[in-house]
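Undergrad: Here is how the chains run, residue by residue.
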Amino acid sequence: MTARLFRGLAWAATLGATAALFFLGDAYALRIGMTLAMFIALASGWNIIGGMAGYPSFATAGFFGLGAYAGALTQLRGVPMPLAWIVAAGVAAIVALAVGWIVLRLRGHYFAIASLAVMMVLRELATNWTMLTGGGMGLNLPVLQLGIIAQARLFFAAQAGLAIIAVIISALVASSGLGFALRCIRQNETAAGMLGLDARRAKSIAFAISAALAGAAGAIYASAISYIDPTDVFDLLNTVQPIIMAMLGGVGTVAGPVIGAALFVVLEQSIWTNFLSVHAALLGALVVALALFLPQGMLGQLHRRKVKP
Amino acid sequence: MVGISRRTLLSATLATPMIARTARAQGAVLRIGAPLPLTGGLAPEGLKQKHGYEIWADTVNKQGGIKVGNGMAKVELIYADYESNTARAVQATERMISQDKVSAVLGAYGSGAVKASSSVTERYKVPMLAPNASAKEVYDQGYKFLFGTEASNDALTVPLAKFMQAHLPSLKTMVILSRNDLFPLALGRNMEAAAKQAGIDVASFQSYAVGAMDHASALTEMAAAKPQWVFVTGYTNDLILVRRQMAELKFSAPIITMLTGPSYKEFSDALGPLAEGITAVSWWEASVPYHGIPPFPTAREYNDAYIARYGTAPDYGEASSTACCIALQAAAEKAGSLDPLALRDALASLDVMSFYGRLKFGPSGQIVVQALPLFQLQGGKRVILAPEDIRQGELKILS
Amino acid sequence: MIGQVLTNGLLLGGLYACVAAGFSLVWGVLNVINLLHGTLVVLGGYLAWMAWAFLGLHPLLALPFVALVVGLFGAGLQAGVLNRAVGAPVLVTLVVTFGLDLIVGNGLLLGFGADYRTIRPSLTLGTAQIAGIYVPLDRAAAASAALAMTGGLYLMLRRSWLVRAIVAVRMDRDAARLMGVMVSRAYIVTFALSAALAGAAGDLLGLVFPISPLQSGDYLAISFTVCVLGGLGSVVGAAAGGLLLGLVESIAGLLLGPQNASLASFVLLIALLAFRPDGLFGRKGYA
Chain A
0 MTARLFRGLA
10 WAATLGATAA
20 LFFLGDAYAL
30 RIGMTLAMFI
40 ALASGWNIIG
50 GMAGYPSFAT
60 AGFFGLGAYA
70 GALTQLRGVP
80 MPLAWIVAAG
90 VAAIVALAVG
100 WIVLRLRGHY
110 FAIASLAVMM
120 VLRELATNWT
130 MLTGGGMGLN
140 LPVLQLGIIA
150 QARLFFAAQA
160 GLAIIAVIIS
170 ALVASSGLGF
180 ALRCIRQNET
190 AAGMLGLDAR
200 RAKSIAFAIS
210 AALAGAAGAI
220 YASAISYIDP
230 TDVFDLLNTV
240 QPIIMAMLGG
250 VGTVAGPVIG
260 AALFVVLEQS
270 IWTNFLSVHA
280 ALLGALVVAL
290 ALFLPQGMLG
300 QLHRRKVKP
Chain B
0 MVGISRRTLL
10 SATLATPMIA
20 RTARAQGAVL
30 RIGAPLPLTG
40 GLAPEGLKQK
50 HGYEIWADTV
60 NKQGGIKVGN
70 GMAKVELIYA
80 DYESNTARAV
90 QATERMISQD
100 KVSAVLGAYG
110 SGAVKASSSV
120 TERYKVPMLA
130 PNASAKEVYD
140 QGYKFLFGTE
150 ASNDALTVPL
160 AKFMQAHLPS
170 LKTMVILSRN
180 DLFPLALGRN
190 MEAAAKQAGI
200 DVASFQSYAV
210 GAMDHASALT
220 EMAAAKPQWV
230 FVTGYTNDLI
240 LVRRQMAELK
250 FSAPIITMLT
260 GPSYKEFSDA
270 LGPLAEGITA
280 VSWWEASVPY
290 HGIPPFPTAR
300 EYNDAYIARY
310 GTAPDYGEAS
320 STACCIALQA
330 AAEKAGSLDP
340 LALRDALASL
350 DVMSFYGRLK
360 FGPSGQIVVQ
370 ALPLFQLQGG
380 KRVILAPEDI
390 RQGELKILS
Chain C
0 MIGQVLTNGL
10 LLGGLYACVA
20 AGFSLVWGVL
30 NVINLLHGTL
40 VVLGGYLAWM
50 AWAFLGLHPL
60 LALPFVALVV
70 GLFGAGLQAG
80 VLNRAVGAPV
90 LVTLVVTFGL
100 DLIVGNGLLL
110 GFGADYRTIR
120 PSLTLGTAQI
130 AGIYVPLDRA
140 AAASAALAMT
150 GGLYLMLRRS
160 WLVRAIVAVR
170 MDRDAARLMG
180 VMVSRAYIVT
190 FALSAALAGA
200 AGDLLGLVFP
210 ISPLQSGDYL
220 AISFTVCVLG
230 GLGSVVGAAA
240 GGLLLGLVES
250 IAGLLLGPQN
260 ASLASFVLLI
270 ALLAFRPDGL
280 FGRKGYA
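Protein chains in written order, with numbering that gives the first Met the number 0: chain A, 0 to 308; chain B, 0 to 398; chain C, 0 to 286.
So here's chain A without its partners, still in its complex pose:
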């Protein structure tokens, strides 16, 4: 009971902090908040397929980039911005369903590589389909004529809203039959099949949800930054960082990706701000240390301590 109360308070405090940042933060704090919210959405989305189902997807950056381009292209054709974001989520989900039909047959390392290849194919398409995407020259989006704070608040609110949706979806999935099926798949997929679970359907849905969240995040990113090109939005870091975040917090849990993203973004930002030429190496050292000494994530660590009296 107290654990439940504690959890409720923690979520309430997080929401309170989000609201406080919205009303009180300056433009730069809002920008960092926007980045954090984006990574919460990406990490939570990845966690549904990568954590709950145990399918180590490397396609996150692929769907992020796909969403960015889908959102940008629809917006450039006159579709209102929020609608373009929804379209982008839909496009990413549909592509994930189609691609998932092929790659979700594979497991473990093979799935990891196939999903990475999916990202590469999407990036090459965006790079080479110059007529549509501008290729390496990139795409320019309309710039909003808003004040500094108004614009910062708008995109912070959009990414934070998406992050909240992502967490709610995660919680719903975790407590539903789908979540049960995904956990069975992670434990033993063959046995899950024998129990009469439609593993294929469960995996496909999880993959599509994860892709839709990444696609929406990409589309909001594109609107906020007003310029996209293939190397920016199909960046391998957008695949790897959400995974590290989910691991940091606790893979497969609802709160894990949120905690991990918050911790990682704060650490990463402070390293980046304070070290000009060695920030990549410091981040690397941090990542190695965390992976070696905290393989279960923060939540895993807490739970383990609880078991031991």
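Derived from the structure by calculation, the hints contain no laboratory data.
The C-beta atom is built at its ideal place from N, Cα and C for all residues, glycine as well.
Among these hints, one or two may not hold up.
Chain C is nowhere near these chain B residues, computed Cβ spacing over 12 Å in every case [unchecked claim]:
{"no.": "1", "residue": "Gly45"}
{"no.": "2", "residue": "Ser97"}
{"no.": "3", "residue": "Glu121"}
{"no.": "4", "residue": "Gln140"}
{"no.": "5", "residue": "Asp200"}
{"no.": "6", "residue": "Ala347"}
{"no.": "7", "residue": "Gly392"}
A partial selection of chain A residues facing chain C, derived with a Cβ cut-off under 7 Å [to be verified]:
{"no.": "8", "residue": "Gly89"}
{"no.": "9", "residue": "Ile93"}
{"no.": "10", "residue": "Ala97"}
{"no.": "11", "residue": "Met119"}
{"no.": "12", "residue": "Glu123"}
{"no.": "13", "residue": "Ala156"}
{"no.": "14", "residue": "Gly160"}
{"no.": "15", "residue": "Ala191"}
{"no.": "16", "residue": "Leu236"}
{"no.": "17", "residue": "Ile243"}
{"no.": "18", "residue": "Ala284"}
{"no.": "19", "residue": "Leu291"}
Chains B and C: place on chain A using the hints.
TA: Positioned in the frame of chain A, the structure of chains B and C alone reads:
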């Protein structure tokens, strides 16, 4: 609990922006933000920008700073590595303005990142000077705080097509090989348009992927068109590889133009005799005749100071970066103020000569077009062929 | 024209094979996807450049030294860090090698700068013309040496007692431990061999291509593709997969335009994974 700790950590991060600084604040200081791509795909270009800024800042500070009103102001550059990522460039720009309170920002590398981050400087009303953004689309947004020291790509390609046509009467067919990447691809497209305008047939337009390790297929196909002119764009490493493979496949043409590799010393060093006869255009050459304001009145003096400091010769990348700084310096001296708005107005009406040429920005903020040097590598040296007033030699046709 | 394109593809493919062979070995034996692999190739390139710039050594002569140094570096990494991660879940090993890659890559950037380095040996072999096909001899020498190195690894895996232990570990870790094989030492040797081969590949690539830290991602992507094409953990597969990838890229470059060459190879990769996950030449088991 989670939320609280996140908030405190976040504000703790924001409260301590300690960045590498080149000078300590004492009295009046002109603070300039410089987001640089020091890691990631654009790292070689980022280093050139950094050198271009650094040599100016140190030279000026050694002389006591720049004259602002009745006193002198030191200059202080605030760097950030934006990791060749546009979002990071935008974030770094905003951080420099809102946290470090800079008076001006030096632009990121490339048209895309400059366009995205110029929306930030525009909103905060802080001038941005972009050394390496040449696409016209960057400047046609009606922004009042954006200035660029590279003339548009047309200024390179249109005179180039005219020159080649005049000097090689048999010129009918050309082929273009372009890296599928922001600046090189835009340049290739510009060349295609300029060639069509001049009535030169573009028999083949190919683009290769970033990181391509083999150009043999494209070159084999291009050789079949028997072109008189081969035009290649890319970064230095790509161009070295293309030139080597052309030699391996015994593919040659009367004119081989490569942009912008031949401007760089690395290019001729790496290729040796294979670099012979390659033509290029550039925004700046050490042999341009301009005479202008200190601290580097002439191109020759700039070139020598740069070699003394870094051991290699500068190319247009460093020169354009330094030119941005000199424009800012001239604006600050003219305005007699370090206020961003005053700097902006002074930049908009600036008209001075420098080692880089005339520093005058057009209504869009892009520098006014001047005749750009066209050169050929002859005997391991860059020999200027045009414009006429600085011509050093004649075009040699390759076999 | 097609003969020319096939020749180009094979010459490139030989180098690809050498880039990927070590990656494949580590994957097969340690069950680790080594995201650091591309950076080890670049490290080899820089060492070859140093040997040429400071000692005047031709990359072919520097080859054994470069391989040795990068191999020792790999042994150190495995002993110091990676041995702790072997046997951990996939994600942990991926994250650890990713972090190591950031560290080593940053080190190379600080040590050598971002500029491209080019090796220009005084002795160049030129181009031969055989039956109307131009064969660039430097490339041919590099590709042959690369294939020879890959072949050498194959022979070592078959012949050497020490390395037999590695294969035994790969087949069954626990059984090998019971048989008295020092598993962690076998891991160190494996990773060192893989790193040595990566270094050798970097050295040979330096003979043909400019060297830069920016290239590491491309070499990693090549390793992935070759491994999947040829089958995981098989050295013969890596050799065949490398040659095949070179051919596919060259032919696709001719037919679809050079910008689509890598797109074609990624699509092929997904298709192969979906329908032949053990690779075209996949044989479970030996070398």
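Undergrad: If a hint holds in the structure, say so; if it doesn't, say that too.
TA: To see whether the hints hold, each was checked on the structure:
1. Gly45: Violated, since 7 Å does not exceed 12 Å.
2. Ser97: holds (28 Å)
3. Glu121: holds (30 Å)
4. Gln140: holds (29 Å)
5. Asp200: holds (19 Å)
6. Ala347: Non-interface label stands for B/Ala347: nearest chain C Cβ at 34 Å, farther than 12 Å.
7. Gly392: holds (26 Å)
8. Gly89: violated (23 Å)
9. Ile93: violated (17 Å)
10. Ala97: Check failed: Cβ of A/Ala97 comes no nearer than 12 Å to chain C, outside 7 Å.
11. Met119: holds (5 Å)
12. Glu123: Hint on A/Glu123: holds, closest Cβ of chain C at ~4 Å, below 7 Å.
13. Ala156: Hint on A/Ala156: violated, closest Cβ of chain C at ~32 Å, above 7 Å.
14. Gly160: A/Gly160 check fails; min Cβ-Cβ to chain C is 29 Å, beyond 7 Å.
15. Ala191: violated (19 Å)
16. Leu236: It is violated, given that the least Cβ distance between A/Leu236 and chain C is near 10 Å, above 7 Å.
17. Ile243: holds (6 Å)
18. Ala284: holds (6 Å)
19. Leu291: holds (5 Å)
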